[in-house]
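Going down the list, the protein sequences come from chains A and B.
The opening residue of the first sequence carries number 1 in the UniProt record's numbering; numbering runs sequentially from there.
The opening residue of the second sequence carries number 1 in the UniProt record's numbering; numbering runs sequentially from there.
Some hints here could point you the wrong way.
Because identical chains cannot be distinguished in the list, a pair is counted as satisfied if it fits within a single copy or across any two copies.
[As the list claims (entries may be wrong)] Straight line, CA to CA, 27 Å or less: simulated DSS-like cross-link-like pairs of lysine-lysine:
(1) K333 - K85
(2) K5 - K231
(3) K257 - K158
(4) K199 - K2
(5) K203 - K85
(6) K271 - K13
(7) K26 - K202
FYI, nobody ran anything at the bench for these hints, they're computed from the structure.
2 protein chains.
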Amino acid sequence: MKNRKVKTLKKLKNLGKRIITDIQNKKIPKIKVPSRSTSNIIYDDNKRHYVLGDKYGVRSLGNVKQLRKIGQMLYVANFCKELIKKGKTATLREMYYVSEGWDVDFNDQQESNNISEDLEIVLGVTREDLGLLPEEDGASVYGKLTVREGDIEIDAMKAGKSGYTIPPTVDEIEFVDHDVERVIAVETMGMYHRLVQEKAHKKFDCLIVGLKGQAARATRRFLKRLNEELKLPVYICNDGDPWGFHIAMVIISGSAKLAHVNHELATPNAKFLGVTATDIINYDLPTDPLEEVDIIRLKELLRDPRYKDEFWRREIKKMLKIKKKAEQQSFSKYGLEYVVDTYLPEKLEELEG
Amino acid sequence: MKNRKVKTLKKLKNLGKRIITDIQNKKIPKIKVPSRSTSNIIYDDNKRHYVLGDKYGVRSLGNVKQLRKIGQMLYVANFCKELIKKGKTATLREMYYVSEGWDVDFNDQQESNNISEDLEIVLGVTREDLGLLPEEDGASVYGKLTVREGDIEIDAMKAGKSGYTIPPTVDEIEFVDHDVERVIAVETMGMYHRLVQEKAHKKFDCLIVGLKGQAARATRRFLKRLNEELKLPVYICNDGDPWGFHIAMVIISGSAKLAHVNHELATPNAKFLGVTATDIINYDLPTDPLEEVDIIRLKELLRDPRYKDEFWRREIKKMLKIKKKAEQQSFSKYGLEYVVDTYLPEKLEELEG
Chain A
1 MKNRKVKTLK KLKNLGKRII TDIQNKKIPK IKVPSRSTSN IIYDDNKRHY VLGDKYGVRS
61 LGNVKQLRKI GQMLYVANFC KELIKKGKTA TLREMYYVSE GWDVDFNDQQ ESNNISEDLE
121 IVLGVTREDL GLLPEEDGAS VYGKLTVREG DIEIDAMKAG KSGYTIPPTV DEIEFVDHDV
181 ERVIAVETMG MYHRLVQEKA HKKFDCLIVG LKGQAARATR RFLKRLNEEL KLPVYICNDG
241 DPWGFHIAMV IISGSAKLAH VNHELATPNA KFLGVTATDI INYDLPTDPL EEVDIIRLKE
301 LLRDPRYKDE FWRREIKKML KIKKKAEQQS FSKYGLEYVV DTYLPEKLEE LEG
Chain B
1 MKNRKVKTLK KLKNLGKRII TDIQNKKIPK IKVPSRSTSN IIYDDNKRHY VLGDKYGVRS
61 LGNVKQLRKI GQMLYVANFC KELIKKGKTA TLREMYYVSE GWDVDFNDQQ ESNNISEDLE
121 IVLGVTREDL GLLPEEDGAS VYGKLTVREG DIEIDAMKAG KSGYTIPPTV DEIEFVDHDV
181 ERVIAVETMG MYHRLVQEKA HKKFDCLIVG LKGQAARATR RFLKRLNEEL KLPVYICNDG
241 DPWGFHIAMV IISGSAKLAH VNHELATPNA KFLGVTATDI INYDLPTDPL EEVDIIRLKE
301 LLRDPRYKDE FWRREIKKML KIKKKAEQQS FSKYGLEYVV DTYLPEKLEE LEG
C-alpha cells in the first residue's frame, strides 16, 4: 500500500478510536470541523493560494441536532476505510447510493458531498486519499516521461497520439524516468494535437499537456508533482479571454472553494504563457469583440487577490481597453506551424530569458 | 500513406481537374451537391440508420450568386489536399483562421463548417479523411486489444488505469491483436473505473469502453470497426433515462444531422444493455422522478423511427408509466461489486441467450 494510503488509514482508525475511547471514559465525543464559510477562506500571500483560516465549529454527540451529521461522518469514514483496505475507489455518486443501506442516509447528493469534504478537512487528507474519486479523468500527456501505475510502466511517447491520460488516482503514479526540461499545457485538444504534430515536444524538450478546458483535480495535482518533484517549469498557454486566464489561474493559485486542499493542488510557480492582450496587438491576431459577460468577468478578476501582480493587472486592463479577445488557434492565420515555429519560441525566450 | 488517404487525395485532385477541363473546353463548371435539408434525410429500414435521399442542388460557376460558395469549396479542397500530402490534420477552427488569408474567406465559423460538410458529401468521404478533425478525443478503452498508430503499438491493458484514448484519426488505427469476445461501453467514467476495478474485462472477456457522455465521432467509428472488422458484439450500458437511451441510439443508428456519414459511424448491431424501465422495477433501483423535460423527450423518442422496434416502445412506455428514471451507478445500493457480479451477468445472459 502506498504511503499516503497507509497514513490515511491510520487517521481514519484514530478518528474511530478517539470516539470509542471518549465513550468508554464517559466523555461526550466531539469533532472539531474547520469552517469553510467565506469569512474563513483567506488568500495567503506567502503560499500564493487560498487557505482556510483558524475558525472552526465543534460537533458534539451531546447535541441532538448534530447527531445525524456525526453519524454520517463516521459512516463515510468507515466506508473509506473499507475502500482503502480493499484497494478500491468509488465516486461520490456511488457512495451516495451505497448510503441507502446506512442507518443515517443522506437526503441528497449535496449533503453527502459536504460530509465527505468535512472528513477531508478533519483528517487533513484529500478525497483521493480517502478513495473518493471525481467522475472526470485528467489531461492528456505526450512526451518523454515514463510513469508507473501499479506494476505497469507507461511511456507517454508510446501511448498513442492522444497520449497518456492522467487517472483520478494521481498520487499512486510513480515518476520513473523523464527526458524533458519543461511542461507546456494548452487549453484545447485542438492545440494539443497541433503541438504533437509540429513536434513541439522535440523543439522545446517539453511534455505537452492537453487540459481539455478547466483542469481536473487530477491534472492540477499532476502538474504540481511535475513542478515540485521533477523540478520542471510549467507553462500554460490558453485562449486570450477571462476564461482562459482563469483556467490558468486555478492551476497556479487554486480556487477558493478548495481552500482546504490547495496546498496539494496549486502550482504557484506555473506561468501563463499567453494569449495576452499584448499578444493580440503584437501578433495582430484575429479577434472577437469582448462581450458584456467578458467585461464583467475581467473586472471581477481585477478585484481577485490572485491577479494582483503587475503582469496580470496590466494585461487585464489592456484587454478591457482594446475590448478584444483571441483564441489560441487564431495563430493559424499565419499558417498551422506558426504557433510552434514562431510564437512559442518567442514567448519562452521572454519568460525564460 | 493509408489507403483511405490515397483515395481521398485522388478524389480531391479529380475535383480540381474536372473544373479545369470544363474551363479549357469552354464549358461552365458545375458541382452537384446532395441536399442536407430535412426533407432529404430519410430513415433507411434496411441500413437501420438515416441516409440522404437523392435530392441535390447544382452550383454553377455561371451563376454569380454561387461563385463565392464554389470558390470557398475549392479553397477548402486545396487546403485539405495539402494537409493530406503533409500527413497533417487541422481542426475546423484552425482552417477557419487559415482562411483569413484566402481570396474568398468565410464570414463566420458556421459558413466554414457548412462548406466542409458540402465537400465531404460531394466527394463521398468523411471530414477525418480530409484531415479536418473534431476538437474532442474519443473514449477510453481498457482490455486485451493491441492497436498500432504509425510505428507505435499500444496495448490497451498497459496504457494505465484510464486506458487507451481513441484519437480523432481513428481510421489510421490498425487492429494488431485482441483476445476479447465482446465490447461493453458505459456512459460515465465513474462506471468505467468501476468495471476496471471489478475486473469486468476478465469476467466477461470484454473490452471496457468509457464513452464520457455523448459519444465522439471517433468513438462511434471505433465501435463500428470493432463490430465489423473484429466481429465483436457491442453492448451499451447507460443511465436509464431518455438521455442515456439516446446516447446509445446515436451509436446504434446514427444521427439525422450526420445522415451523409452514418454508414461510416453507425453500428446497427450494437445492443442496449440497460438501464431499462424493466430493470428499475426488477432490481428495485433508487430512482429520481421523471422531470417535465424527460417526459417530453421520451415522447419524442416514441415518434422517432430509430425507436420503432418492440423493445424500445415497450421500455419507453413503461418508463412514462412508472414516471421514474435511474442512473447506472444506482446499482451501488447493493454494494460496489453488484453491477459486475450480478447485474451485467444476468443482462448478458438475457441478450446472448
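Against the structure, the hints come out as follows:
1. K333 - K85: Answer is between: at 20 Å across copies they meet the 27 Å cutoff, but 55 Å inside does not.
2. K5 - K231: within (25 Å within a copy, 42 Å between copies)
3. K257 - K158: neither (37 Å within a copy, 35 Å between copies)
4. K199 - K2: between (36 Å within a copy, 21 Å between copies)
5. K203 - K85: For K203 and K85, only the inter-copy Cα distance (22 Å) is at most 27 Å; the intra-copy one is 45 Å.
6. K271 - K13: The answer is neither: 40 Å in one copy and 46 Å across copies each exceed 27 Å.
7. K26 - K202: neither (67 Å within a copy, 51 Å between copies)
Consistency note: the structure conflicts with the earlier hints numbered 3, 6 and 7.
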